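Participant: Residue-level listing of the chains:
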Amino acid sequence: MLLYLLKRLFSLIVTLFVASLVVFVVLEVVPGDPASYMLGINASADTVAALKSELGLDQSRFARYIQWVGGMFQGDFGTSYTYRTPVAEMVRERLNVSLPLTLFALTLAIVLAFPAGLLAASRRGGAADSVVMAITQLGVAIPNFWFAMWLVLLFAIKWQWFSAGGFPGWGEGFFVGMKALVLPAVALALPQASILTRVLRSSLLDVLNEDYVRTARAKGLTRRQALWRHALRNAMIPVLTIIGLQFSFLLAGAIIIENVFFLPGLGRLIFQSIAQRDLIVVESVIMLLVFAVVVVTFLVDIAYAWVDPRMRRGF
Amino acid sequence: MIIDKRSFTALLLAAAFSGSALAAKTDITLGMALEPPNLDPTGGAAAAIDEVVYANIFEGLTRFKADGSVHPALASEWSIENEGKRYVFTLQSGVKFHDGADFTADDVKFSIERAKADDSTNAQKGLFENITSVEVIDDATVAIDLETPDGNLLFNLAWGDAIILDSESADNAATAPIGTGPFTFSNWVQGDRIEIEKNPDYWGEAVALEKATFKFISDPTAAFASLMAGDVDAFPNYPAPENLVQLEADPRFKVVVGTTEGETILSMNNKSEALADVRVRQAIAHAIDRQAIVDGAMFGYGTPIGSHFAPHHPSYIDLTGNSTFDQDKARALLKEAGVEGDISLSLKLPPPAYARRGGEIIAAQLREVGIETTIENVEWAQWLEQVFKGKDFDLTIVSHTEPLDIGIYARDDYYFQYNNPNFNELMAAFSKEIDIEQRDIMLKQAQTIISEDYVNGFLFQLAKTGVANTKINGLWENQPTQANDLTGVSWSD
Amino acid sequence: MALLTLEQLSVSIHDTPVLHNLNIDIEAGEVLGVIGESGSGKSMTALAIMGLLPHGAALSGQIKFNGLILNELSEQERAKICGDDISMVFQEPMTALNPVHTIGDQVIECIRLHQNISGKAAAELARETLAQCGLPPDEFPLSRYPHELSGGQRQRVVIAMAVALKPKLLIADEPTTALDVTTQAEILDLLLSLKQTYDMALMLISHDLAVVANMASKVVIMKEGHVVEQGPIEPLFRELSHPYTRALFKASDHVPDRKNMPSIQPSESIQGTDTHDDVSKDDTNRTANTSDIKSAGTSGHYSPLLEVSDLICEYPGTRQGWFGRSKKFRAVNEVSFQVHAGESVGLVGESGCGKSTLTRAILGLMNPASGQIAINGRNITQGFEVLRHVQVVFQDPYGSFNPRHKVQRLVSEPLHVLTQKVSSKERKLLVAQMLESVGLHANDADKYIHEFSGGQRQRIAIARALIIRPKLIVLDEAVSALDVSIRAKVLDLLASLANSHGLAYLFISHDLSVVRNVTDRVLVMQAGAIVERGNTGDVFNHPAHEYTQRLVASVPRLPDYAHVAEHPL
Amino acid sequence: MSVAASSRFKTLLPGAFLVLVFFGAALISFFYTPFDVETLNIKNRMLTPNAVNWLGTDHFGRDILSMLMVGARTSIAVAFIAVGIGVLFGVPLGLLAASYRGRWADEFIMRGNDLVFAFPALLIAIMITAVFGPGAVNAIIAIGIFNVPVFARLTRGASLSLWNREFIMAARVAGKGSARISFEHILPNILNLLIVQSTIQFSLGILAEAGLSYVGLGAQPPTPSWGRMLADSQTLTTVAPHLALFPGMVIVLTVLGLNLLGDGLRDWLDPRLRRER
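Protein chains in written order, with my numbering: chain A, 79 to 393; chain B, 92 to 584; chain C, 24 to 592; chain D, 446 to 722.
It is worth saying that the hints were derived from the structure and are not from the lab. For clarity, every value in this text was computed on a predicted model and none was experimentally measured. It cannot be assumed that every hint is accurate.
What the hints assert, rightly or not - Once the Cα atoms are required to be at most 25 Å apart in a straight line, the calculated BS3-like pairs of lysine-lysine come out as:
1. C:K351 x A:K85
2. B:K187 x B:K200
3. C:K241 x C:K218
4. C:K444 x D:K621
5. A:K130 x B:K207
6. B:K480 x A:K130
7. A:K236 x B:K562
8. C:K451 x C:K429
9. B:K116 x B:K562
10. D:K621 x C:K470
11. B:K362 x B:K289
12. B:K562 x B:K207
13. C:K143 x C:K189
14. B:K156 x B:K426
15. B:K482 x B:K523
16. C:K273 x C:K512
17. B:K289 x B:K187
18. C:K103 x C:K87
19. A:K236 x B:K345
20. C:K512 x C:K246
21. D:K621 x C:K448
22. D:K621 x C:K451
23. B:K289 x A:K130
24. B:K176 x B:K480
25. D:K488 x B:K420
26. C:K189 x C:K241
27. C:K87 x C:K143
28. D:K488 x C:K494
29. B:K535 x B:K562
30. D:K455 x C:K429
Please model the complete structure; the sequences and the hints are all you need to start from.
Facilitator: The following block contains the structure:
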């Protein structure tokens, strides 16, 4: 297991390295530069050049890449061109919104999906199963930003139970912060919960066909007991994979939802930075998201071993 | 514990007093579509910077008032010497920067020289081109020498790009602005909001507000929702004109429609193959139904224009008659130019709604007369690179928001590449002219020349559509410059 | 009164009847054998008793146990009886245990479900029961996970779970079918001794007459959901009055007619190339002979059809340390043997002995680490045309055909190996010929494989192997998955084809009785090496090697009174 | 049989029906739409559904029904080609990886897959549009790139288990090489799986196109697309909710239809895909 983890760790580092190259090269060819953007249409050429040199944009690409990657190793992501603040600081601030939102949505999805999936699987073919399946079919099909539009229309504009968006900051207290995240989290969670429900149900049904569930039933467990004690944990492997994927999807995929609810999260930072050609921010945020995906995948692997002892041995 | 009766009464009174003081709100939350990238107005062109700091945190020697007129600010008075080539300013006394540093003539010298310097990153460096030197006479007096007489100096010094910084804190202005204004910078939650607070030591007239928050809401739906949900009190530049009718119907809000300095034009590349022929440009001008664009893109807000000139300016003349909506004439002109039914143009559209929506309408209108367009939506950075710098375009839509900027037509290498020596001469003469009447005549001539040369498709003057809680007073109605001047803002109860 | 009574029990699944009016009694403490081929409904009967019928099953009749009518109880009430008074052992020990729980937890769960005792006491009981089932706690602590155990050990855990609460009735559904023959013997012994210790009734379901005959006192013979006959075992097996029972007996020990086979006995005396001390090199002289006369192998002009010499096959194992070399697992260890034209050679051994790896190497599917494989004197590494003399028939009649292709394409596939082109007309003709020679119709060529039964599929597999007229066919457990009656027919077919085509067979199987009946010579393989070889009859009648002796002794035999078979083992 | 039949009526037929309706609408739009979608009629804008404009008009006065019909072309084309890219590149890569299982080529392909997978789809889209500008073609590329590892993984996984099947061994004994076996034996046997996955990716593609267009990275004017219609109408939800309602519903129904079709196909094409046993 340890060996396997080391191997995975190595491929994780290689992935990150290649990703950093790809990101850097792709963004280098993006037309437009931050200096002209910042100075607008009346700026003279020498002003732009002066700003470029101030931002370090006149150095060679290779030098800038080395500087960027080298800095990242020391936790220094460079300084934003347009904001003139350390990127790390900006990212940390945005993560304060994106990460809780992601976790909130994921928790919501899990909390909704588990009872629904278990119910559907244990009542396979019954009315409850049909209802759950119908709802999840819809849940998968509804674009989350469209759903979010109606949530805002109803809950913020019509009934004014929640604010239409924005984020007051955690300084105002935990619940104030969480309240601001309710609607976005619901919008994000709906399709994810639907997917998770379906995966859990089908995984459970697969496992319920396994011999050991029959053995458990022969021991004198009722269908439901067998589901809980023997099927659930075995059914977790595909579910864990999906949860891992969903985490990274939510972290980056919240971009659109962050726009709808004007939340100051990572997604909006990317959008804004790319519009302003604040490429060092874009590069760093993309790398961070890639890093998150890779690390989560890695954690999911560890979770496999936790769920399934067979994974613990050898490699 | 026994409470002394008198002190109890005093407590009650205090509570009652403070209660009544709270009756009128002293804080305000303003919505803005764009977040400023930083807060240094001398280091970037973003309008959002000025919208936060202008007149609130930073002040210059002169300043714009709501009607666009130039008024004294940090300079209490001035005199013009040496045949208009030397301005001597007397500075306000007792002015301190927010960090406690004294404001002196040295700061003026520093600020102007910083803006003029070779390595300056001032986006409007041109404003200072004519200045040869800045002389500190004493702490409270400073003189500016010019190369040629300039009637625009006081106007130029009122720009946000000409505000006065302290040499000690200037480098940090981007993130920790220290100015002389009535508000101090207090907090910036990036991506969400900036908060400013009343400056208790302000030299001038005290402001009514204790605190103001600028909240950044780029999404128009979210902007509407935030107003309806009461998250923001006012949206001085409301980004979605389509909702204004609804907001107007809501008794909680008032909608104020004013003017901006933004001439919204269909810029044409005068050197591109198809558009070098004036008949083609004229055909395009006649193919455009301005009112449909104002209605369709701006939901009726905006004033059609026939040249590059703001209708609220005293020297404005209505030249829309030069380019009436006449499809037959457009077709005839195209035929005359020999390109009938055989013309395809690129139309690059920057992000604002006036451009994206307007572009769609113009594309449809041009198609009616047989001009095909390929729409390409671009980001501002791309627009600057490709259109503005690279001149790689046929058509684009953009709003020129600088005040009195007809002079851009005299720049031969400007992105629409108009080149008319007569016009250039006129503008050169205009910049040296001090006589008001003469200037008026020249401006009218200039408007007529570019209108009749069909340099660009002149669409409409951008309206400033502000939405505010009905209890808020003192917000600017028009937008002579990019600013959310809060000095005169208060709540009525 | 009987302990368990099935009265007019009928079951249908999705309206397809699978059991018809069964009437079966089991007395307390007796062993009832249930015999039948696949599809006879014997497993379904067990599941019906346990209340574990699949989704969509409908049941009529009564299942009476101890005065209760089981099929009328609620799920909860029934769950109280299952695992306590009635318990069950399944066929597949590899999948019957939950992989994510320890074996201790699984036994303890069973105990605590039915008895209100402390976890500690339950653990103690679990430990005891496991020990009783041959898993002593010092070697097999409760904290072991199923994947750490072998199949036989897992089956012991399953049995421990079943007997922990001393049930009155234990149902064992093919409990040893998936196990090796030596393990089978041990498990059967265990079941018998547990039955004695706990005085429980045992319902033993099996397709193997010999297994049942040695265990049961009463027997039920089933076919297609009906009870063919039932009664005390001895008179039933002695008289074999019912034709179906008789047919079963005949088929189960069928010896195909190989009398016409050319009796090739090439000069075996010069073939010995073994390097193992404990193995004889020579069929005629099988006594242990440690002398090495390798050099003799090169003398003489005769080249055998298949010659394997000093073959070593390895798999990469787990790596030792981060940069360490991986230690390789040696699946085939210096194996040498020959197969001559027209000969039928058996290769027996238990799972994991390396016989599959050896097969793969011979078929050119994997590269050996060292050693040589030659066909007709040419090394198989010289290209695929060398391999055209060898074809294969696999075990699984369901997995060995591409379900997307028609029989025509399936059977003609090996023609690819021929160097000369075969026209499509010729192909058609060849396939038709082949199908007919294996007892199918020429027009079967236009059908898909799912339209055939298991036995027919094996015939098609044989037709596919025959089409390029190979000299040797490797039969990799080719009849193991077939029911006895079908197996008998396929074995007959193989024998007649050997006669008509002059084929040699390499017959790889774990089933000693079949190997005994169809081969001339046999190789016994253990842990990657051949430990004994010789004429089939000699090896089985007088095994020399300790392992062979154990193997032969483990094979269940029919009791002497049942003598319909001509050659009792 | 009865199970298969019931699931056919529950999923396959309704799914096929919905998908046919929208594909049909897209096809019809080439020959006929109730109104011209290229002509603007600002005076008639934002009409609510009525006898002339069945679904009302949009903010430029265009007929929403006609817009939806023409928009179907964009949505379907983007999703279809993106799935095509995924299949075209992903399937051969997966087959190749499976036939070289355990060796460096396999490792290389799978690590490449992981690399692409590590970029969330929207990030790929943002990066691509930043370089090449927004547009339907770039949306296709972005969604397509994301589809490649999906199909490569699926193909590899399904192929790997097939490579251990005896009929593949039989083909190898017949002297066939990896490439030939991959196309003759592996591909036909995973085809059903690929078809089912394609319908799923197709529906995801429609959602992705809508999302990208919504944030302005997808189809560009004047090309109507469902996502762009939503984007254009987002500020008008309070004034004219039907502008956002109809395109949204069309997306939901199409995706629903595709998902039902996928589920139905899975059951119908090959019940064994649902796991034997």
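Participant: To test your reading of the hints: which numbers does this structure violate?
Facilitator: Failing hints, ascending: 11, 12, 14, 15, 23, 24, 27, 28, 29, 30.
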